[in-house]
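J.: Sequence:
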Amino acid sequence: MTDTTVQSAPQQGFAPETFEYKAEMKQLLHLIVHSLYTHPEVFVRELISNASDALNKARFRGLTDNTMLDNGAPLEIRITLDRDTKTFTIEDTGIGMTKEDLVGKLGTVASSGTLDFIKSLKEQGTAIDGNMIGQFGVGFYAVFMVADEVTVETRHANADSVGLRWKSDGQGSFTIEEIDKPTRGTRISFHLKDSAIEFSEEYRLKSIIQKYSNFVDFPILIGKNGAEAEKANTIRALWQAPKDSISADEANEFYKFLTHDFQDPLGYVHLSIEGSVNFKALVFVPETPPMRPFTTDNDKSLHLYTNKVLIEENCKHLLPDYLRFARGVVDTDDLPLNVSREITQSSPQMAKINKVLTSKILSLLQDWANTDAEKYTKFYAAFGQQFKIGINSDFANRDQIVQLLRFDTTQTEKGSLTSLKDYTSRMKTEQKEIYFLTGEHRETMLNNPNLEYFQKHGLEVLLLTDPVDIIVVPSIPEFEGKKLVSIDKADVSVSETEETKEPSTLDSALLALFKDVLGEKIEDVLPSKRLVDSAVTLVVGKEGLDAQMERMMKMLDKDFKGGRKVLEVNMEHPLIKNLSRLQLADAGSPLLRQYILHLYEGALLIETNLASPALFVRRMTEIMTDATK
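Note that the numbering used here has the sequence shown beginning at 263, numbered continuously upward.
In the DSSO-like style, the derived pairs of lysine-lysine whose C-alpha atoms are separated by at most 30 Å in a straight line are:
no., residue 1, residue 2
1, K617, K640
2, K348, K455
3, K820, K751
4, K744, K640
5, K486, K429
6, K791, K823
7, K486, K348
8, K683, K745
9, K622, K473
10, K839, K791
11, K614, K505
12, K751, K676
13, K518, K622
Since the hints were made in silico from the structure, they are not lab data. It should be emphasised that the depicted structure is a prediction, and the values quoted were computed from it without experimental measurement.
Start from the sequences, fold in the hints, and give me the full structure.
T.: See below:
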């Protein structure tokens, strides 16, 4: 990938040599530095990552090689800043580089086809961000976004090595020469461009390290010229530690550092997985959701690391949507450093990690549901609305999600919820179905006429007040062989033991009059089996939606009219019997028709679907006026 303009010299005492970058490399550097790259701060991450890798190699070699140069030297990274001279220096005591390393690692592009790919990004108007550059094998060259010239001074850990200096302006060439360097490791130094002077500020550098490199294994020491260095990476990578070696308090403090939450989490899972995919993870379930859930400014997820170096701050492909309330860290060495978001999305390793994490989080929630109802209730109050949408997306874990759902019912106290399993354990012997009712508020729903039969006979009904439930519950056709049915449906089965009375001739005549008066407003008029205390109610027929769904549709579309419903009439109600007698006496009475219309609109009012309450009140006043003459 490089052309040497001077013949190779002996390892010891060679004169400075100049190496010309090939045309492809020149174009590549120009595009990265001047045309495409965004977030120049990541040059810090790239340099620290390289230093950390070199230190790891030195640590490993030192275990078996007593002849290694500076075998007892502390393993650390030192960064020195000087705002006055605009200089930036980073030095490590790692494995160092040979001349061949300098030519091969700092003078070539690691991946073939890189230039063509970057050119295509430029043509599409796509910028290369900090999560893509590493895949091109040219992460080191991010430094040229902030510097016009870079000097690398290094000495390899071999006892017979020599000091070397690599220097380049990132344009056409680089030089390598021998220098006097008594210690092992690498020192990179450069003057910052005026546009990058912020990176000579200690506070700015610390914030970058905290974001990208806070969990690097080795101390990162920052100092100004002449000043004592201060350690910048203060938090140890807890996810790398054995599970039994960290306390709950330590884990909670780590969570607060990571999320800036002031509360302890509800709990966490600590994983070290080896097999078809290798990764470590520390994943927390918060106690409360962010202030504005379901908004892009709070669209957070797990942090993805490779060897303790941040790859993606909010990697949405690590968890399915319905579990993205979880916060924490996943660290895998199965992905190359700084892979692009596009690669992580399609990576088979990412899919495997997602599968394992999903299973472990669901197991944690199931454990809470079984052994700590109070904790699970807290979780469900905070994240239940988000969690339950997994029914419609995660079909592999659908049965487990159904087991974890919780509902308000007619037989639970306000604020208490029940599972479908507990509901079925309380079902009547003759009960064949699981009943539910949708609405906005528990108190309003308990007064719904459609509940009267069920309350009279002690039949428990799920009260679905969460708007998400109207999408979720129909996706559960049955549970333990029991169908889930809405009591708002006209064809709901209420009893097989009670005799069904055929309507009398008078009753049939009155029902026919109801149909005539209401006409196209309704789908049908039927004698009711479910009403006990109320005169009439509206239920969903073949073409209608339940009341909650209609309200949601109207919010989405102000012109939505909804379908016609079935009006059920309680033929045993005193008012209905009086209307039957009134019809017998005077079938053409205008007042009778007013009563029927008023009953229908009263049923609409209960559903909060009455279009004109003012006309309803006016008619009611007229009826009362006539009744009190």
